[in-house]
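Residues per chain are reported as follows:
2 protein chains.
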Amino acid sequence: MTDLTTKVLTGDPHAIARLITHVENQDPQAITAMKTLYPHTGRAHVVGVTGVMGSGKSSLLYELAQSYRKLGKKIGIIAIDPTSPFSGGALLGDRIRMTELSTDPGVFIRSMGTRGALGGLTNAVYDVVDILDAAGMDLIIIETVGVGQDEVEIVKVADTTIVVTVPGLGDAVQTIKAGLMEIADIFVVNKADRPGIEQTIAELQSLVDLDGDRDWKTPIVPTSAKEHKGIDSLIDNIKQHTTFIHQTHLYEDRRRIRYEAELFELIRKRVISYVLDDEKLKNQVETCLQKICGREQDPYTAADEILNALLK
Amino acid sequence: MTDLTTKVLTGDPHAIARLITHVENQDPQAITAMKTLYPHTGRAHVVGVTGVMGSGKSSLLYELAQSYRKLGKKIGIIAIDPTSPFSGGALLGDRIRMTELSTDPGVFIRSMGTRGALGGLTNAVYDVVDILDAAGMDLIIIETVGVGQDEVEIVKVADTTIVVTVPGLGDAVQTIKAGLMEIADIFVVNKADRPGIEQTIAELQSLVDLDGDRDWKTPIVPTSAKEHKGIDSLIDNIKQHTTFIHQTHLYEDRRRIRYEAELFELIRKRVISYVLDDEKLKNQVETCLQKICGREQDPYTAADEILNALLK
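Heads up: the sequence lines are chains A and B, in that order. Positions in the first sequence are counted from 1; adding 459 to them yields our numbering. Positions in the second sequence are counted from 1; adding 459 to them yields our numbering.
So here's chain A without its partners, still in its complex pose (with noise of 0.2 Å):
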């Protein structure tokens, strides 16, 4: 693992998959070589990329991706979106393109299943931001739907959030209301070629604005992937935001969130591979188990009994 660990600090694309395998599998040696990675890390600027399907995320990925590679940036990207291209879903056309990206050595590409990943996903997230962020990428785009409540907490991990939208989404600025307002550092609106532009950002501006008393006051670029408009604009926007937060310690705010995150999770994931590897409190959950099926015992009175045998 000392050799892994040693070719991942050199950015081997080879090693990095590997280590990752490694990381989802939970093999006991991946921690081992996260210890090793940890002081190699806090470098990268994490990007997270968020928003409903069919708003042309990954297509505005790949122009943003080749347009920061012209700039000589290292790219990592997490794709948890289980409809992009990224992650094998998605049309045949954008599969393409991607398989061009990837055989670029300056970007490298993982997609991460939302389901079957052993002990929750977030984790993994949190060791692959950490693995990419050692081998040297400057920039870590992670790509999710804006649904579900892992992708929140992934989203959590983001040092800039960008919330893509389309024109004539039906409720697409109702589904921002409900949810995604308080984690959009930017608002993306693509497909800006599409009629109804206008009014979406209109819309989102009059959100913005209700929001008044923030510091930052989130921007709203209209881009269009197909006509590879206002990608610039949007490197421009992710950069200002950079600044903005490591000049008001937001930056350091978000890491600590997200180490917290991390931490708790951990902790959580531990105590239940505790309870597990113990024969004695492995027996102590089955016979609670049984009584609760045949409803002799709530969950409830169950959870206190086992974590007075478990804590301290």
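You may find that some hints are simply not true.
Where chains are identical, the list cannot tell them apart; a pair therefore holds if satisfied intra-copy or between any two copies.
[As the list claims (entries may be wrong)] Restricting the straight-line Cα-Cα distance to at most 27 Å, the calculated cross-link-like pairs of lysine-lysine (DSSO-like) are:
| no. | residue 1 | residue 2 |
| --- | --- | --- |
| 1 | 771 | 741 |
| 2 | 685 | 698 |
| 3 | 741 | 728 |
| 4 | 750 | 728 |
| 5 | 728 | 494 |
| 6 | 750 | 615 |
| 7 | 615 | 728 |
| 8 | 771 | 739 |
| 9 | 529 | 698 |
In short, the hints are calculated from the structure, not lab data.
Since the structure of chain A is provided, determine the placement of chain B on it from the hints.
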């Protein structure tokens, strides 16, 4: 709270709604109520309905609920899908129909946010299922979007899981292959009036045929909520699946998985509360976080330290 639980047991919708709010707010009184209600649970059949956005799940649920009402069944609907009209998303016409449904005293509808649920959505859903069960609902339907780990976790509480797709939805079958296949007890191809229906059915059929070893052959039910077609066949298939799981002990197995998940989730949650309520542990977390932010300690080592102080 005793008064409230008594009222919940009579099926009083206001009492049900109030208790659910207590549960969502993690009101300590809610735990007492849940303990009291628990012996009265275990009778309702729980149906999970999942599928991509745009598959017309909500219209289908509307038709399904209407038909069950004609059979004299009491129905609880838990909408997790943020785009669902039950959750306040989607189009006005749909929402009007839902309002119509919700004035029927035999139907209880509750929308639950995937965002902002204190202490995690999954646990709250377990509790709401138990509340509706204790309140005398015959059938509890949980509607989710088929993406995100939380959604799949939620489906785990269901006795029967229905995966909804529609003809011509790009890589719909691809998505199902990727993760929904193993959780589907019934496939519904909604909007069966659309072109491409035969092909979608054929593709699904070949997926089902591949999975040849299972005792339960996942049926494929074409429906058209718009034309009120296929609903009776769907109800019939749900009934057959219900009989099947009771005959094969699959019912007990699934309930056991559900209670185990519920129990572990409670333990995870309580451990973190325990840490935060203990001044000494809280300070230790604080010290660790400072070290993590300063790259003097990695999160894994920090978690080890805190667990050592925490566990017997």
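Mind listing which of the numbered hints don't hold for this structure, in increasing order?
none
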